[in-house]
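According to mature numbering (1 follows the signal peptide of the UniProt record, and there is no 0), the residues represented by the sequence shown are -16 to -1, 1 to 282, in order.
Some clues are possibly wrong.
[Stated by the list, open to error] Keeping only pairs whose Cα atoms sit at most 30 angstroms apart, straight-line, the calculated DSBU-like set for lysine-lysine is: (1) K136 / K153; (2) K150 / K136; (3) K219 / K231; (4) K136 / K149; (5) K219 / K205; (6) K203 / K219; (7) K120 / K136.
[To be verified] So the derived label-pair ranges between C-beta atoms look like this: (8) A176 / L138: 51 to 57 angstroms; (9) L138 / A162: 47 to 53 angstroms; (10) L179 / K157: 38 to 44 angstroms; (11) K149 / K177: 37 to 43 angstroms; (12) H81 / A111: 44 to 50 angstroms; (13) Q125 / M147: 31 to 37 angstroms.
Rather than coming from a laboratory, the hints here were simulated on the basis of the structure. From a predicted model like this one, the values you see are computed outputs, not experimental measurements. Note that beta-carbon positions come from the ideal geometry of N, C-alpha and C, so glycine has one too.
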Amino acid sequence: MTKIALLAALVVLTETTTKRPDSEEKKGNFTAVASEFKAYRKRNNDPHYHHNHHHPQPPPQHTGHGGNVKYIEDHSHGYSSGSGLRSIAQGSANQAHTAVTNQHAAAKQAAFIAKSTLAQAASQASATAQTALAGKQVMTQGLEKQLSESHKSLLEEIEQLNMSKKSAKIAQKTAQIAYNHVSILTAALNNAKTLAEHTEQAANEAAAILAAQSSMVGKAKINFENLQEQLNTAKIDLAATKEAAIKASSAASEAQANAERAAAEATGKLHEIASTLPKDYEISSEIEFEEANFEEHL
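Between the sequences and the hints, there should be enough to build the whole structure, so can you do that?
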C-alpha cells in the first residue's frame, strides 16, 4: 500500500510538472505581447505610457492541513526480540495507515497545485488579452489620428493645388499680356527706327541747308561790311561835299553880292558918264547889254 500511494502521488506531481512548460509558454507569449505594446507606445510617444512590470504572484503556501503535505512517517525500523507476531501485525497496520494518510494528502496537494497552475495560466491569458486589446486600441487611435492628419494634409495639398492652378492661369494671362506688349513695343520700335531714319535724313538736309545758309550769311556779312564801308566812305564824301557845297554856296553868295555891288558901282559910273555926255547920245542899249552879260556870268 505504501508503494502504491507513493506511485500515485508521483504520477500526479509528474502530470502537474509536465503542464508547467505550457504555463511558461503562455507567460512567454504574454511577455512578448506586453513588450510589443510598450514599444508601440514608445514609438508613438504615448503620453499615457507607463512601464509596468508584471510580477505574477506565486501560489499561496499553505502549511498544516491546508498547506504542504506532511507525510506521516514511521520511524520504527526494528522490533524487539520478544514482540512476536503481534508486533509484526501492529507494524504492518501502522504502515498501511500511514500510506492511506499520505495518499489523501498527496491527492489534495496535487489538486491544489493543478488548480493554482490553471488559475495562474488563466490570469496570465486574461492579462495578455487585456494588454493586446489596449495595444490594439492605442494602435487604432494612432491610425485614426494619422488618418485625420493625412486627410487634413490632403485637403491642404488640394487647396495648394487649386491655388497653383489659379497662379498658373494668372501667370499665363500675364505672359500673354507681356507678349502683346512686346508686339506693341516691337512695332513702336520699328516705327521709331523709321522715324529716326527720316529724322536723320532731315537732319542731314538741315545740316546741308545750314551750311549753305551759313555760306550765304558769310557772303551777306561780307557784302554788308563792304556796303558799310562804302556807306561810311560815302558819308565822309557827303560831309566833305556838303561842306564844299556850303562853302561854294557861301562863296557864290559872296561873289554874287560882290558882283551886284560891282554892277551897282558900274551902273553908277555909267550913269555918271552918261550924265556927262550929250543928251541925244543913245547909250541905254549898251548898258542893258552889259547888265545881261554880267548876270549870265553870275
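Right, here's what the structure says about each hint:
1. K136 / K153: 26 angstroms, holds
2. K150 / K136: Holds, at about 21 angstroms.
3. K219 / K231: Holds, because 18 angstroms separates the two Cα atoms, which is no more than 30 angstroms.
4. K136 / K149: Given pair K136, K149 holds - Cα atoms ~20 angstroms apart, limit 30 angstroms.
5. K219 / K205: 20 angstroms, holds
6. K203 / K219: The given pair, whose Cα atoms are some 23 angstroms apart, holds under the 30 angstroms limit.
7. K120 / K136: Satisfied, since the Cα-Cα distance of roughly 24 angstroms is no more than 30 angstroms.
8. A176 / L138: 51 to 57 angstroms: The hint (51 to 57 angstroms, Cβ to Cβ) holds, given that A176 and L138 are roughly 55 angstroms apart.
9. L138 / A162: 47 to 53 angstroms: Check failed, 35 angstroms falls outside 47 to 53 angstroms.
10. L179 / K157: 38 to 44 angstroms: This hint is violated: roughly 32 angstroms between Cβ atoms.
11. K149 / K177: 37 to 43 angstroms: 41 angstroms, holds
12. H81 / A111: 44 to 50 angstroms: 45 angstroms, holds
13. Q125 / M147: 31 to 37 angstroms: 33 angstroms, holds
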